[in-house]
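Undergrad: Produce the complete structure using the sequences and hints provided.
One line per chain: the protein sequences are A and B, in this order.
Sequence positions in the first sequence follow our numbering and run 1 to 248.
Sequence positions in the second sequence follow our numbering and run 1 to 210.
Careful: at least some of the hints might be erroneous.
Pair ranges (Cβ atoms, derived) [as the list claims (entries may be wrong)]:
| id | chain 1 | residue 1 | chain 2 | residue 2 | range |
| --- | --- | --- | --- | --- | --- |
| 1 | A | Asp70 | B | Glu197 | 43 to 53 angstroms |
| 2 | A | Pro39 | B | Gln115 | 48 to 58 angstroms |
| 3 | B | Ser193 | A | Pro198 | 46 to 56 angstroms |
| 4 | A | Gly179 | B | Ile7 | 39 to 49 angstroms |
| 5 | B | Gly67 | A | Lys112 | 30 to 40 angstroms |
| 6 | B | Leu155 | A | Lys112 | 14 to 24 angstroms |
| 7 | A | Gln56 | B | Asp188 | 36 to 46 angstroms |
Which residues of chain B face chain A? A few of them, derived with a C-beta cut under 10 angstroms, are [claimed, not checked]:
| id | residue |
| --- | --- |
| 8 | Phe161 |
| 9 | Arg164 |
| 10 | Ser165 |
| 11 | Gly167 |
| 12 | Pro169 |
| 13 | Ile179 |
Only part of the chain B face toward chain A is listed, based on derived beta-carbon distances under 7 angstroms [to be verified]:
| id | residue |
| --- | --- |
| 14 | Tyr162 |
| 15 | Arg166 |
| 16 | Ser180 |
Rather than coming from a laboratory, the hints here were simulated on the basis of the structure.
Since the model is a prediction, treat every value here as computed from it, not as a measurement.
Every residue, glycine too, gets a C-beta built ideally from N, C-alpha and C.
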Amino acid sequence: MSEILLKINGLHASIGDKEILKGIDLEIRKGEIHAVMGPNGAGKSTLSSVLTGKPQYEVTAGSIEFDGRDLLAMSPEERSWAGIFMSFQYPVEIPGVSITNFMKTAVNSRRKAEGLEPMKGAEFLKLLREKMAFVKMKPEFAKREVNVGFSGGEKKRNEIFQMAMLDPTLSILDETDSGLDVDALKIVADGVNSLKSPDKASIIITHYHKLLEYVAPDVVHVLKDGRIVRTGGRELIDVIESQGFDKF
Amino acid sequence: MKEYRRIYVVDSPESLPEDHIVLGAGEKASVTFLVFPGVSVDIPVAVDFTGEGAEVSLRGIYVCKGGEKVNIRTDVRHNVPGCVSDQLVNGIAAGDAHVTFNGKIVVAHGAQKTQAYQSNHNVVLSASAKVDTKPQLEIYADDVKCSHGATVGSLNEDEQFYMRSRGIPEAEAKVLQMISFLAPVLDDIEDASRKEELSAKVEEAIRSIL
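TA: Quick look at the structure:
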């Protein structure tokens with residue numbers, strides 16, 4: 001068995017006074033793709049928010065270890081430098097900041113944290129063009145303001161582009177498949193599949209089986225009312241598709 | 001016909017003389033002021049349209065670190081038909097800075113086809129910074145396009161989290177947000193090297209108040 005990349009122990013988390021996660025245990029090994037499925041309100045987005053350190057969420061109990069480090073002690077940017085990436089369910093618009101400037105700042109911030117010099121302009125642009133082509137984003141998007149005026153599909157494509165640029169060890173896809181047509185879905189799936197390697201892992205969070213037709217998860221979890229109520233293989237997807245979440 | 005362009009860079013303590021611009025038919029004016037940290041100043045700008053088809057653009061930026069008092073007053077008089085005025089003032093107040101914006105637009109009786117726009121957006125970085133914004137529109141003509149918008153708020157935390165989740169440190173995320181907030185104000189400076197120089201000075205000011 002491969003090494004453990006992410007280990008969640010007895011995780012409880014709240015937003016305001018409301019407890020959303022009520023004791024999550026989850027172990028992800030390098031090389032694995034996990035799907036977390038559950039109905040609306042189960043706590044799926046809270047789980048991804050807690051993993052990425054969104055300030056509004058409070059962890060009230062439990063621990064998360066990532067690559068042997070205490071994840072909960074790290075800031076969102078430190079988690080990114082350590083190799084965690086989340087594709088947002090609702091990507092944020094940043095008026096006045098171009099995709100090029102945004103990604104250059106992101107890439108060079110990580111290099112700085114690693115004690116490296118900023119990437120040379122030409123080298124950065126080459127990488128940018130290559131990754132944009134990979135997700136079939138038109139080159140003129142490089143100058144566009146981040147997500148401003150983008151369609152739903154363009155926003156999700158931009159998330160996968162950023163994922164490809166940052167080359168994460170653990171990628172979390174939070175409802176990335178919602179609202180996507182088949183072409184966009186295939187691009188997202190190609191992105192996830194291309195990152196599959198023996199030392200990386202992915203978590204696909206979804207309430208729907210659509211993306212899982214193109215990306216084959218190794219492990220499937222059912223999340224309901226803040227707890228993982230069932231863990232199994234791909235066969236669970238068919239059970240959910242035919243019978244919904246009620247039976248769990 | 002005159003073409004009036006003026007840029008005030010306010011980076012030492014002083015008061016600006018009242019800038020009173022009178023525009024005749026078809027004349028154009030553009031005034032940009034930039035108030036840098038550590039400077040208390042009164043900025044009065046008055047515009048009188050006396051001939052049809054004239055246009056004015058008023059642009060302003062302030063960046064305050066704390067302790068400053070900045071008073072901005074604009075007074076635009078559409079006395080005749082068919083003129084255009086466009087005001088955009090954006091600023092950031094940190095520490096215990098106190099900023100006021102009084103923006104007056106008067107569209108006289110009979111000044112039809114007037115277009116008058118005004119926006120004043122303010123970001124406060126601390127609980128003790130204070131911004132009072134007061135748009136004042138007096139419109140006595142009925143066939144006009146006028147709009148105004150004023151906001152006082154803080155930096156958007158969702159944007160910050162999005163940037164941080166991509167590895168951009170919190171302070172740098174705030175710098176990017178503030179640059180993007182102020183950049184549109186410099187958009188209509190035509191001289192590219194002057195614009196670049198002022199953008200760099202604004203960025204330096206932003207970094208100095210964090």
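Undergrad: So, for every hint listed, does it hold in this structure?
TA: Here is what the structure says about each hint:
no., hint, result
1, Asp70(A) x Glu197(B): 43 to 53 angstroms, "46 angstroms, holds"
2, Pro39(A) x Gln115(B): 48 to 58 angstroms, "52 angstroms, holds"
3, Ser193(B) x Pro198(A): 46 to 56 angstroms, "52 angstroms, holds"
4, Gly179(A) x Ile7(B): 39 to 49 angstroms, "46 angstroms, holds"
5, Gly67(B) x Lys112(A): 30 to 40 angstroms, "32 angstroms, holds"
6, Leu155(B) x Lys112(A): 14 to 24 angstroms, "22 angstroms, holds"
7, Gln56(A) x Asp188(B): 36 to 46 angstroms, "38 angstroms, holds"
8, Phe161, "6 angstroms, holds"
9, Arg164, "4 angstroms, holds"
10, Ser165, "5 angstroms, holds"
11, Gly167, "4 angstroms, holds"
12, Pro169, "5 angstroms, holds"
13, Ile179, "7 angstroms, holds"
14, Tyr162, "4 angstroms, holds"
15, Arg166, "4 angstroms, holds"
16, Ser180, "3 angstroms, holds"
Of the numbered hints given earlier, the model fails none.
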